[in-house]
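Chemist: Here's the letter readout for the chains.
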Amino acid sequence: MSNGTTANGDMASYAGDMSSGSSREDTTASIDVTDLAKSFGPVRALDGVSLRVHPGEVYGLLGANGAGKTTLMRCLLGYLNPSRGSARTLGGNSRDVDVRCRVGYLPGDLRLPVRSAVQDILRFHTRLQAQAGRPVADVDDLLTRLEVPTDRRFGALSKGNRQKVGLALSLLADPEVLVLDEPTSGLDPRMQELVLDIVRERRAKGAAVLLSTHILSEAEAIADRVGVLSHGTLVAEAPLGDLLERAQQSIEVALDDPPPPNILDGTPGLVRASVQGTEVQAIVTGSLSEAIRALAPYGVRRIATRAHELDEMFQQTRNGAS
Amino acid sequence: MTTITVALAFLRDRRRSLIAWTLGIIALVLIMAVFYPSIRDTGADFDAYVESLPESVRDSLGISGASIASPEGYLMSQMYSNIYPIVILILGISMGSWAIAGAEGDGTLEMTLAAPLRRVCLAWGRFISMAAATLTITLISTAALAVIAPPLGLLDGLPWWGIWSAAISQWALVLIYASVAFAIGAATGRRAWAISGAAALIVIGFLGQMFASLAQPLEYLRTTSPWYWFLGSSPLTEPPGLVSFVLPAGLALVITVAGVWRFDRRDIGT
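Those protein sequences? They're chains A and B, same order as listed.
Our numbering puts the last residue of the first sequence at 322; the count rises by one with no breaks.
Our numbering puts the last residue of the second sequence at 270; the count rises by one with no breaks.
Bear in mind the hints are in silico, worked out from the structure with no lab data behind them.
Treat the hints with care, since some could be wrong.
Examples of chain A residues toward chain B, derived with CB under 10 Å [what the hints assert, rightly or not]:
(1) THR28
(2) ALA29
(3) ARG115
(4) GLY133
(5) LEU172
(6) ALA294
(7) TYR298
In this text, a Cβ means the ideal position worked out from N, Cα and C, and glycines have one as well.
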């Protein structure tokens, strides 16, 4: 009944190919992370992560909380020193001012001085950009578009407006590299779409964007490629469509009439299935349509599906392969 | 240039708080000054009480060489070895510990460093703003004293530059402990450690220089205390010199360099 061995084997070899391929040096990449490891005492937050993001590309970093997404970004931006490996931006170190002035960053947990007026915060960053030799282009247009309330204290703003201020700061310098940690967090749907539009525009202008999210639909809407981080390891990297084809889904179907026990045998992507009277449970890799089509003649009363989290799925795959 | 931008922004963010500190310290100085005539008029009683104290205690209270009823004795005992430097020390330690560790603790440091700004420039900019704020408040409160003191006879017999000299020496004392708070905060990112470390050194320095003279074999230890460098140098009658200014200012600089060096190399926000 089960063809799980085949499916798992495919994914494990896929992850292994990805890992070795990313370790090659690529001088055209705007973001170049090679064999990056970071430990905090006994805790290994990142372990041998390699990835590249090229100009004009949006790379979505997926993973559950604690997977290592923020640690990777903080290593890339020079807040954290790698325990091993390297993380380079625009061919250099993000801590160098001549590199940093071309990089925009929005942290996941944005904190700015709560008593400061937004315009004072913007003025400070604008001045530093100018002193670094990369003056801001059209800040008024950016602020108007994002509807940033500049005349109020930062601490008086709602979470959504605070996020807008952070986004404006990250975009001030018309950056060539944009590192965004959950950029749509706290925004209403209209602003979420605007943020994604802005990211698309930056991509069209040739910026390399590294964007972390745990919202699959967001990654699907904007990312050219995604990487899945799990427990500090990049367990998969591919166009999102390819990953979704490899994703497992659970399906529970209640039927009017009991089907034969082997009704789902031969269904593409079937991992396992069980039939008990009129209740059918199955786990399928990729599309569920074939399984539903096979069950339809028995009168479908109810269908419940659950997509497995990508990082959970790939971690299981990795463990199974090792 | 970047360092100055950082320093000015740090001061601007704290302008309301610094104005409140300035007004409070001016009020403190004025209150101390207006009590002088009543102390002067009952000077004999105070002098008898002071004479009954051990010499080391008189030294540490800044009243070893002059009657408490005299301007010098009153200023040294009631101001420069009393709450006046303590209040400015609290301000200096508060700003010094917040400069890096406080900002790191509340998460604002991350976005500041997202700007094209070297860590070293950030650290020195904030140290300079702390030093400038404590110096400015010291000088403004001294100016207030200079205005109110003459009618009260509080500057009689002192050189015209006496209180300014004492202000500079006191600032050097503040700078040492504020730089300790700054450096511990910059090196560790822990504001509580910065405050407690600086506060512990203040207490050790003050009590140490007081009690070291009680035990003859340990008397030399007094000379290691910044409080002794300040109080033992007659700051109202002698201009800032090697011990009262150059030594503490130089030590503050060394401590700060060490803190900045560590800050430039460690992980941020862990």
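Chemist: Taking the numbered hints from earlier one at a time, note which ones the structure violates and give those numbers from smallest to largest.
Modeler: 1, 2, 6 and 7
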